Amino acid sequence: MQALKNKLFALADCNNFYASCERVFNPKLEGKPVVVLSNNDGCVIARSNEAKVVGVKMGQPAFQMADIIEKNNVYVFSTNFVLYGDMSNRVMNTLAQFTPDIEIYSIDEAFLDFTGFDTEHITDYAKGIQSTVKQWTGIPVSIGIAETKTLAKVANHIAKKNPEFDGVLSLYNNHMTDSLLGRLPVDDVWGVGKQYGKFLMDKGIKTALHLKNADEKWILKHMHVPGQRTVMELRGTSCIRIESIIPDRKGICTARSFGKPMSNYEDIEQAVATFAAKCSEKLRRQHSITKTLTVFIMTNRFADTPQYVNGKTIQLPVATNHANEIIHHALSGLRLLFRKGYLYKKAGVILSDFVQEDQQQFTLWDNIDREKYAKLMKSLDCINTANGDEVVKFAIQGTQKRWKMKQERLSPCYTTRWKDLLTIDVNKK
DNA sequence: TCTGGGGTCCTAGGACCC
DNA sequence: TCTGGGGTCCTAGGACCC
Numbered sequence: 001m002q003a004l005k006n007k008l009f010a011l012a013d014c015n016n017f018y019a020s021c022e023r024v025f026n027p028k029l030e031g032k033p034v035v036v037l038s039n040n041d042g043c044v045i046a047r048s049n050e051a052k053v054v055g056v057k058m059g060q061p062a063f064q065m066a067d068i069i070e071k072n073n074v075y076v077f078s079t080n081f082v083l084y085g086d087m088s089n090r091v092m093n094t095l096a097q098f099t100p101d102i103e104i105y106s107i108d109e110a111f112l113d114f115t116g117f118d119t120e121h122i123t124d125y126a127k128g129i130q131s132t133v134k135q136w137t138g139i140p141v142s143i144g145i146a147e148t149k150t151l152a153k154v155a156n157h158i159a160k161k162n163p164e165f166d167g168v169l170s171l172y173n174n175h176m177t178d179s180l181l182g183r184l185p186v187d188d189v190w191g192v193g194k195q196y197g198k199f200l201m202d203k204g205i206k207t208a209l210h211l212k213n214a215d216e217k218w219i220l221k222h223m224h225v226p227g228q229r230t231v232m233e234l235r236g237t238s239c240i241r242i243e244s245i246i247p248d249r250k251g252i253c254t255a256r257s258f259g260k261p262m263s264n265y266e267d268i269e270q271a272v273a274t275f276a277a278k279c280s281e282k283l284r285r286q287h288s289i290t291k292t293l294t295v296f297i298m299t300n301r302f303a304d305t306p307q308y309v310n311g312k313t314i315q316l317p318v319a320t321n322h323a324n325e326i327i328h329h330a331l332s333g334l335r336l337l338f339r340k341g342y343l344y345k346k347a348g349v350i351l352s353d354f355v356q357e358d359q360q361q362f363t364l365w366d367n368i369d370r371e372k373y374a375k376l377m378k379s380l381d382c383i384n385t386a387n388g389d390e391v392v393k394f395a396i397q398g399t400q401k402r403w404k405m406k407q408e409r410l411s412p413c414y415t416t417r418w419k420d421l422l423t424i425d426v427n428k429k
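Here my numbering is used: the first residue of the first sequence is 1, the next is one more, and so on.
Derived from the structure by calculation, the hints contain no laboratory data.
Just so you know, these numbers come straight off a predicted model, no measurement behind them.
There's no promise every hint is true.
[Claimed, not checked] Computed Cβ-Cβ distance ranges for the label pairs, DEER-style:
hint, residue 1, residue 2, range
1, Pro100, Gln356, 23 to 31 Å
2, Gln97, Asp304, 54 to 62 Å
3, Leu336, Arg249, 24 to 32 Å
4, Phe362, Asp124, 56 to 64 Å
5, Pro412, Asn213, 50 to 58 Å
6, Gly311, Asn427, 54 to 62 Å
7, Cys382, Phe81, 15 to 23 Å
Built from N, CA and C at the ideal position, the CB exists for glycine as well.
Let's have the full structure, built from the sequences with the hints guiding it.
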């Protein structure tokens with residue numbers, strides 16, 4: 001493991017990101033409990049602080065909290081990924097102004113390389129970033145600073161949870177570090193999940209400080225290389241660098257639960273064709289072609305009805321990213337999988353085993369005019385990028401979408417759809 | 001009635017080779 | 001009777017992240 005010398009990292013993380021996005025264009029939500037639900041309006045995936053206070057739990061199924069919602073006037077939203085994606089771009093573009101090297105780690109988080117920055121005034125610098133992001137995008141962020149990414153994560157976590165820090169905390173040369181680590185439960189450390197968290201607790205390693213001081217050999221034995229790296233990082237030795245170039249995906253998956261159970265083959269066929277088309281589009285975006293495709297279908301595992309879960313993996317004769325071929329193979333898999341008489345709840349398509357587009361290997365018997373289809377795909381992507389998803393699509397994808405997910409509480413696409421643009425009455429007081 | 005979706009990395013173990 | 005040792009590749013499964 002190679003240690004990186006004299007590094008300084010910041011982690012900027014948006015507070016309750018999806019809930020905050022809903023608030024930006026809907027000021028009446030300010031100070032009110034707001035929650036955002038997963039696809040299909042299933043579980044809670046984001047909560048404003050006020051929603052946390054009234055007892056809404058992360059991951060809780062929506063139907064189990066009808067009481068809390070009613071009693072506390074909780075505002076509930078379906079996921080609006082178009083809005084969140086656009087807001088994320090705005091936040092990331094703003095953050096990028098403040099460092100030469102940024103790693104967009106997730107939709108609401110970025111690592112910033114602060115190496116070589118003036119450490120004496122680093123907290124003020126971060127406060128400047130925080131207020132700029134708020135002013136330019138309306139999104140509140142918290143920023144943690146430290147010599148390693150893991151410690152920057154810790155700093156961010158503490159800054160977010162303790163109001164006295166105003167959302168910015170630097171652990172660089174901070175004599176409080178160990179006492180703060182001593183108050184942080186071990187499973188709040190980045191890289192320690194549920195399983196390892198429980199395991200460590202059972203062994204008496206209950207806090208981040210315990211983990212920092214744990215025996216390295218023992219950690220290596222039980223938590224392997226990633227665990228060892230976490231311990232090193234807690235000790236201030238940087239092992240995880242900034243990855244500013246987004247690597248190509250090694251697998252691409254599009255899967256959805258249906259809005260209601262489906263038994264009809266044609267409905268599921270339309271859904272699978274749509275997922276396959278979506279996968280191929282993601283694949284083209286990174287200029288890859290795929291050699292392997294998996295299609296799967298399943299019934300509702302929570303329901304008291306006959307269960308069926310199955311998948312089919314297909315090796316493609318020639319690697320491709322053309323929608324027509326990917327759809328064709330997905331549907332031939334589906335035909336083999338489908339059994340009559342079940343109520344299906346979810347289906348999906350997974351692509352794996354990629355090579356670069358320009359490394360295409362043709363076979364002797366390939367009689368498809370690939371150049372022609374490549375042009376077709378280019379036009380298709382062009383039109384859909386300019387005019388919105390699925391403006392042009394394949395007939396097999398259907399127009400009814402009886403399978404479509406439930407989104408009963410969708411907010412407008414304030415920033416990406418002309419008709420959803422807000423109008424402001426300047427005369428009104 | 002109602003329970004998300006999309007990724008990554010690492011390890012162990014089996015098959016196979018010389 | 002006795003059954004090496006080292007390497008690679010692949011896959012399944014388990015852990016993690018958001």
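Verification of the supplied hints:
no. : hint                        : result
1   : Pro100 x Gln356: 23 to 31 Å : holds, 28 Å
2   : Gln97 x Asp304: 54 to 62 Å  : holds, 55 Å
3   : Leu336 x Arg249: 24 to 32 Å : holds, 26 Å
4   : Phe362 x Asp124: 56 to 64 Å : holds, 60 Å
5   : Pro412 x Asn213: 50 to 58 Å : holds, 51 Å
6   : Gly311 x Asn427: 54 to 62 Å : holds, 60 Å
7   : Cys382 x Phe81: 15 to 23 Å  : holds, 22 Å
Consistency with the previously given hints is maintained throughout, with no hint failing.
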